[in-house]
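Peer 1: This is what each chain is made of:
Number of protein chains: 2
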Amino acid sequence: MNTLNSIGYPIYFNNTIAELVKFIEQGNYSRFFVLTDENTAKHCLPVIRSHIDKLDNFDIIEINAGEESKNIDFCVGVWKMLIDFGADRQSLLINLGGGVISDLGGFTASTYKRGIDFVHVPTTLLSQVDASVGGKTGVDLDNIKNIIGTFAQPKAVFIEHSFLQTLPARQILSGLAEMLKHGLIFDAGYWNLLKDSDLKSPSAELVYKSVEIKNKVVIEDPHEKGIRKSLNFGHTIGHAVETYSLMNDKNPLTHGEAIAIGMICEAKLSNIKVGLSNAELTQINEVIGNLYPKYNIAESSHNVLYSIMQKDKKNQSGKINCTLLTSIGQCRIDNICTEDELCESLRYYSTL
Amino acid sequence: MNTLNSIGYPIYFNNTIAELVKFIEQGNYSRFFVLTDENTAKHCLPVIRSHIDKLDNFDIIEINAGEESKNIDFCVGVWKMLIDFGADRQSLLINLGGGVISDLGGFTASTYKRGIDFVHVPTTLLSQVDASVGGKTGVDLDNIKNIIGTFAQPKAVFIEHSFLQTLPARQILSGLAEMLKHGLIFDAGYWNLLKDSDLKSPSAELVYKSVEIKNKVVIEDPHEKGIRKSLNFGHTIGHAVETYSLMNDKNPLTHGEAIAIGMICEAKLSNIKVGLSNAELTQINEVIGNLYPKYNIAESSHNVLYSIMQKDKKNQSGKINCTLLTSIGQCRIDNICTEDELCESLRYYSTL
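First to last, the sequence lines map onto chains A and B. Residue 39 in this note's numbering sits at position 37 of the first sequence, with consecutive numbering throughout. Residue 223 in this note's numbering sits at position 221 of the second sequence, with consecutive numbering throughout.
It is worth saying that the hints were derived from the structure and are not from the lab. Take these hints with a grain of salt, some might be off.
If several chains are the same, the list does not tell them apart, and a pair holds so long as it fits within one copy or across any two.
[Claimed, not checked] In silico DMTMM-like pairs for lysine to aspartate or glutamate, Cα to Cα no more than 20 Å straight-line:
| hint | residue 1 | residue 2 |
| --- | --- | --- |
| 1 | 197 | 343 |
| 2 | 316 | 282 |
| 3 | 82 | 70 |
| 4 | 231 | 39 |
| 5 | 82 | 144 |
Hey, can you work out the whole structure from these sequences and the hints?
Peer 2: Written as structure tokens, this is what we have:
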């Protein structure tokens with residue numbers, strides 16, 4: 003696996019811890035901060051620590067694991083710790099964790115003293131194939147996902163496959179949804195490869211392929227003016243379902259579980275609106291249905307889901323905007339969907 | 003006065019309200035939001051409203067006037083109002099007010115949905131000659147000025163001289179400090195011109211000249227890697243005095259009053275460290291001393307002031323960094339100053 007070049011920064015796949023140590027030692031940084039949660043502090047931080055024992059200028063900022071931490075209050079907490087630790091503009095923030103760590107860490111770093119450098123060491127499958135690449139940072143406000151954020155590129159990304167070994171199966175499934183999406187929107191061959199692979203523990207090569215697809219898209223359109231919107235397939239409905247579940251369920255859906263539902267619904271929308279064939283729709287439902295548990299979406303919740311979608315930041319002039327599939331491996335952006343169509347796709351999911 | 007070109011955006015000085023209306027009508031915006039405080043809502047908003055009566059898609063967000071509003075809680079308030087009003091990515095935020103409005107408005111706009119467009123309509127002398135130009139946004143946290151922020155350029159700046167007529171004398175003086183600074187660091191001729199002008203109500207031409215100087219600097223070095231640091235003259239000590247006063251005084255110093263003190267102290271440091279002549283030091287003290295009231299800085303407060311300076315975001319590796327004058331109209335950046343030197347300059351101010 004080659005090192006990938008993204009928007010001004012490298013994405014390492016081989017000897018990643020050694021590359022991180024090299025980056026730290028060769029950079030002109032005054033101080034180093036590691037943002038972790040209790041999981042990565044336990045499972046991943048010791049691995050890094052064991053390689054950089056020389057460094058004494060190394061402070062740890064730990065936040066609670068989980069989407070509930072991805073808000074402004076936690077940002078303020080991180081900013082205050084950076085202030086208290088005396089972080090100056092030549093400091094480096096190392097985001098060691100999943101998507102919450104990279105999204106929140108990227109946002110706090112990009113706004114602390116008008117921006118300090120940061121790198122990502124993604125430790126979940128989801129963050130390896132999605133959050134760590136592309137320069138989107140963000141936190142939630144009022145239960146709206148990523149509504150506050152910046153476009154800010156990390157200085158490097160280090161994708162260490164062995165970190166995935168400590169993940170529960172449900173976390174692997176969460177990341178897998180984005181990998182399936184990469185196949186569905188851009189690469190039918192990759193979709194077929196995934197379909198026929200052992201998806202309980204995706205290989206390093208499969209992870210690489212996903213990052214390669216995402217990286218190609220974000221290089222072409224860093225600020226999501228056009229083609230990058232294709233990555234939103236499954237996310238209009240998926241984000242709404244995720245938010246709804248976060249607000250209502252004791253044990254909420256993971257991001258990937260919600261996106262899996264969103265992809266089935268939006269595949270149905272694709273079938274209605276842009277010609278995705280019945281056979282491919284069925285294939286998508288079967289592959290996703292075999293991997294992810296069924297979630298109950300009552301008819302009575304449709305209006306709540308719709309009102310969440312109305313606050314989606316991808317909308318324009320109040321209209322709800324979806325990326326849809328014309329076939330497996332091909333997509334079309336900027337499809338305005340009506341409330342009726344969106345509800346029909348939710349009903350379709352419920353009948354499967 | 004010509005329209006100035008800044009980093010990808012124009013700065014208008016003539017027919018500014020008409021230019022703003024043209025900008026609004028010709029831009030491809032879905033919605034318009036005006037950020038104001040109670041002063042500009044009263045004195046300036048009606049002027050704008052009277053010219054754009056056609057626009058119905060126009061919502062007002064009002065915050066309390068004053069530096070106390072420039073914090074994350076007020077940002078959250080503005081973000082929530084944007085959400086509630088249904089602001090999408092094609093929305094425009096019009097920052098109508100002084101430095102607090104442009105700094106906080108710029109920050110909230112640059113982070114809402116990862117960035118929406120904004121323009122500045124600065125209504126104070128200080129914001130006309132300083133905050134509205136250069137793309138720095140920011141809010142305070144834990145009494146540290148502008149510690150959280152972004153570099154984000156407005157789409158246009160509209161400098162309407164008549165807005166200054168409603169300002170109290172003390173607000174004029176606050177902006178004047180930055181104008182004097184522009185002369186001191188870059189343009190002895192402009193300094194002499196200011197010295198000999200009626201500074202109770204600076205002319206549009208004097209304002210233009212200041213903006214021209216600042217604009218030249220920020221175009222050359224938008225992210226403050228080098229020459230832009232020259233604009234920090236007076237601000238290392240000045241910011242500390244301003245923060246100290248905000249924390250301790252019932253009627254705190256304005257920004258300019260604090261910077262005036264900072265400029266005297268840092269002129270003294272310039273005299274000690276980089277060869278500013280005694281005659282020029284005296285001249286600076288006289289001009290500033292005649293304009294600004296004396297502020298009592300007790301010896302016992304020096305350690306507090308020093309500890310505030312230690313948190314200044316301009317520092318590097320814990321060292322306090324000043325821009326100093328080699329002569330009037332010439333400066334040198336990146337001068338490390340010791341605690342002893344800084345305290346000596348504070349004592350010097352007290353003896354004047």
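Peer 1: Determine for every hint whether it applies to the structure shown.
Peer 2: Against the structure, the hints:
1. Taking CA atoms no more than 20 Å apart as the test, residue 197 paired with residue 343 passes in neither setting, with 28 Å inside one copy and 70 Å between copies.
2. In this homomeric assembly, residue 316 and residue 282 never come within 20 Å of each other (Cα to Cα): the closest approach is 26 Å inside a single copy and 58 Å across copies.
3. In this assembly of identical chains, the alpha carbons of residue 82 and residue 70 lie at most 20 Å apart whether taken from the same copy (19 Å) or from different copies (18 Å).
4. Within a single copy, residue 231 and residue 39 get their C-alpha atoms no closer than 30 Å, and across copies no closer than 37 Å, so neither meets the 20 Å cut-off.
5. In this assembly of identical chains, residue 82 and residue 144 lie within 20 Å of each other by CA distance solely across copies; the values are 8 Å between and 22 Å within a copy.
The structure fails hints 1, 2, 4 (numbered hints given earlier, in ascending order).
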